[in-house]
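Participant: Read off the chains here:
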Amino acid sequence: MQRGARDPAQEFEELRRLLLSREREQLRELSDRVSDKERRSQDIASVLPEAVKMSRERGDQLTRALQPAVEGSIKESVERRPQIFVDALHPLIGPIVRKSVAETLRRLLQSFNQTLEHTFSWRGLKWRWESLRTGRSFAEVVMLRSLVYRVQQLFLIHRETSLSLLHVTADPAITKDSDMVAGMLSAIQDFARDSFAPGEDSVLEEFRMGELQVWMVPGHYAYLAAVIQGNPSLELRPALQETIETVHVLKGSALAEFAGDASAFESLRPELESCLRAQYATARKDGKSTRAWIVIVVLAALLTAGIIVAANNRSKWKNFLGQLNAQPGLVVTDARQKWFSPSQVSGLRDASSADPAALARDAGLDPARIRFRWKGHLALDSVSVRRRVEQRFVVPDQARIAVNDGVLEIAGTVPYEWLDSVRHDATLIPGVKSVVERDVNITYDPALTRKRFEQQFRLPDTVNAAVVNGVLILSGEASHRWLMRARAAAVTLPGIKSLDDRALIDLDQRGFDQSKSIIESAFIYFLTDKDDIATEGFAALSRLPDEIRRCEKAAQQLGTDMTLEIQGYADAVGTENRNSDLRQRRANRVRDFLVSCGFEPERLKAISVEQPFKPAAGDKALPEQSQRRVALKVLTLLSNSSP
Amino acid sequence: MIQKKICMIGASGVGKTSLIAKFVHSMFSDKYLTTVGVKIDKKTVSVDGEEVMLMIWDLQGDDDYQRLQMSYLRGTSGYLLVADGTRQITLDQAIEIQGRVAEAIGPVPFLLALNKADLAPQWEIDQSRMDDLAARGWKPFKTSAKEGAGVEEAFVELGRQMIQPH
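First to last, the sequence lines map onto chains F and D. The opening position of the first sequence corresponds to residue 67 in the working numbering, with each subsequent residue numbered one higher. The opening position of the second sequence corresponds to residue 10 in the working numbering, with each subsequent residue numbered one higher.
Quick caveat, the hints were computed from the structure, so don't treat them as lab data. Quick caveat: nothing in here was measured; it's all calculated off a predicted structure. We put the CB at the ideal spot given by N, CA and C, even for glycine. Please note that a few of the clues may not be correct.
[Stated by the list, open to error] Computed Cβ-Cβ distance ranges for the label pairs, DEER-style:
| no. | chain 1 | residue 1 | chain 2 | residue 2 | range |
| --- | --- | --- | --- | --- | --- |
| 1 | D | D39 | F | A239 | 26 to 32 Å |
| 2 | F | T170 | D | I104 | 50 to 56 Å |
| 3 | F | L369 | D | S38 | 32 to 38 Å |
| 4 | F | A358 | D | S27 | 55 to 61 Å |
[Stated by the list, open to error] Residues from chain D that face chain F, not an exhaustive set, calculated with beta carbons under 7 Å:
| no. | residue |
| --- | --- |
| 5 | Q12 |
| 6 | L42 |
| 7 | K51 |
| 8 | S55 |
| 9 | G84 |
| 10 | L128 |
Construct the complete structure from the given sequences, taking the supplied hints into account.
Facilitator: Quick look at the structure:
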């Protein structure tokens, strides 16, 4: 019962101890191993190489996981202790740099060669055009277009034995025996090296046959030979280089120990096939398509441009013909537009019409490319007639002319002479039937007016003429007849409104007046109470006939007849009856003398003149003798008006 | 299939090229011999049930005018030394060449083929020379390009020697 009285918890603990003591011991030991850092490190170290190896076989997860740590470690180490890396890398740096520089130069040269090759070729010109069109640099275009290539075959060849390790091809039809080709490639390399660079470890890197070229990329144990069609891009060689390096990384030991069994390298097929690049197919197709489109677009553009130019020319031509036909004096009877030879225009042309060549120029056509054939004619339309008038008469600035239905209308201010010539000659111009003046203001040139007067009136040398404000001013001396004519007709001349001849002496009038004065001042004295002429009376009488003739002639010039009144006087002595008879007899005596001299008796009137007054006694003013006389008086029709 | 590079070596006119012409798969013309100095052919032989592909580098004959291009021998697994049985001098030349080759590429399996075995009346290699060769450890094969005798056997034997562990 006492046993049954034990604490159940104690009993359970006892039971657990008995059952699990071994496992608990193991657990403790495991716990110690896990917590003991040194023991844990030993455990990991013993399995680490195997684990790494297995991990690499399963994939590259371990590589990626380790990458940051390894890179960090190397970086830190380089920063802290660079000398170790310098020592380690020193033997490698030289060859690497030399090889890198040589490779870069070689690529540069290849690029340069390609650029040169393409610069002057048809393809190069096309690329230049593409460069201009797209705005890309020429080098870029060349680069892009050079990407047309295809890697046809790739050989992986063992350097030592020259045996083909792997052969991949882009074209299954290629059935050449890769083993023998690989052998010959090696042989050719040996041949080239032995012939040109004996003793060196370099390899023949490429050779070319037409569009094909073979690139050889060497590795330590094996090399790649790529058969390439076209122009490979510059990226291909680094890709091949990377591939041969990958081959050596993956199969380095297999390559070193190669004894003829190539099956181990079959797993490299994906790596090699990745180098069978075939960018050419789409690039060429696109290229052809693009070129075709370019050609189509260019042709379409040229065609469109041609149509536009043709339509434009056609429109210009039509416009030109319209202009030609609208021109007064031009009648187009035939017009032919030609594209490859001069166009032709035929028709009728009035001499006054516009210049067709100038019209062509205005319409945007080249007159040199138009052959005109005109026949002369006289156009009777208003514009042509007006032009003809304008060509015949220089129309003054202030004058206006128009032609309507053959009537030449003149308006405005015009010089008399111009108007006069138009009045006389205008109707001689074809198309002008008559001349009408409307509100014409005529101006007269004084000099021309004077000249006109001079010609019209045969201006004597003794006369001076001038025109001032339309007044003809005459001075000097002129015959009565000329003067009369001038007075009568001068104002009928155009430009002469009135005449001023106050300064002009009438020569005939003056002669008449002088003769009349002489005749009337001649006293013929008689003896006392007789009709006998005193001695001094004879002297006066003898001069009279000539003077009377002169006077008659002058009167004739003045256009009138003259008569002589012969007045007989007597002194106051004696009776009136006696004296009257005496006076008559004395007058008759002189008349008879003049008749005897040839004068017509009808023109001589002898009269007795009663002394109108008796002189006062002692008046000496008139001597007595003077009372016994005969005096003459000239009578004319003008006598009343003329002195 | 295992591949092996072998070379055909001998003095000029011993019939190397004719010897193998009927037995190999060939894609290159004989003019390669006079231009590049080598022509490569291919032949598959069965050695003790195992297929071995021989890449046969037929080297231009060695004479006073054209010395053997030793670089072509690099990497070869064996070679066939060919002499003309009707001209003893070619045997002497073969022996001399072998000495040079061994010096250049080290000890690799080789076989001596005494060609033109069909021309028995003109045969110049007498028994004492054969004994002499045997003394050197050489086991000459008598071959005939005309009759095709001994050729296949020679290649098989050479193949065997090459794939045997030394």
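Participant: Hint by hint, which ones does the structure fall short of?
Facilitator: Hints 3, 6, 8, 10 contradicted; others consistent.
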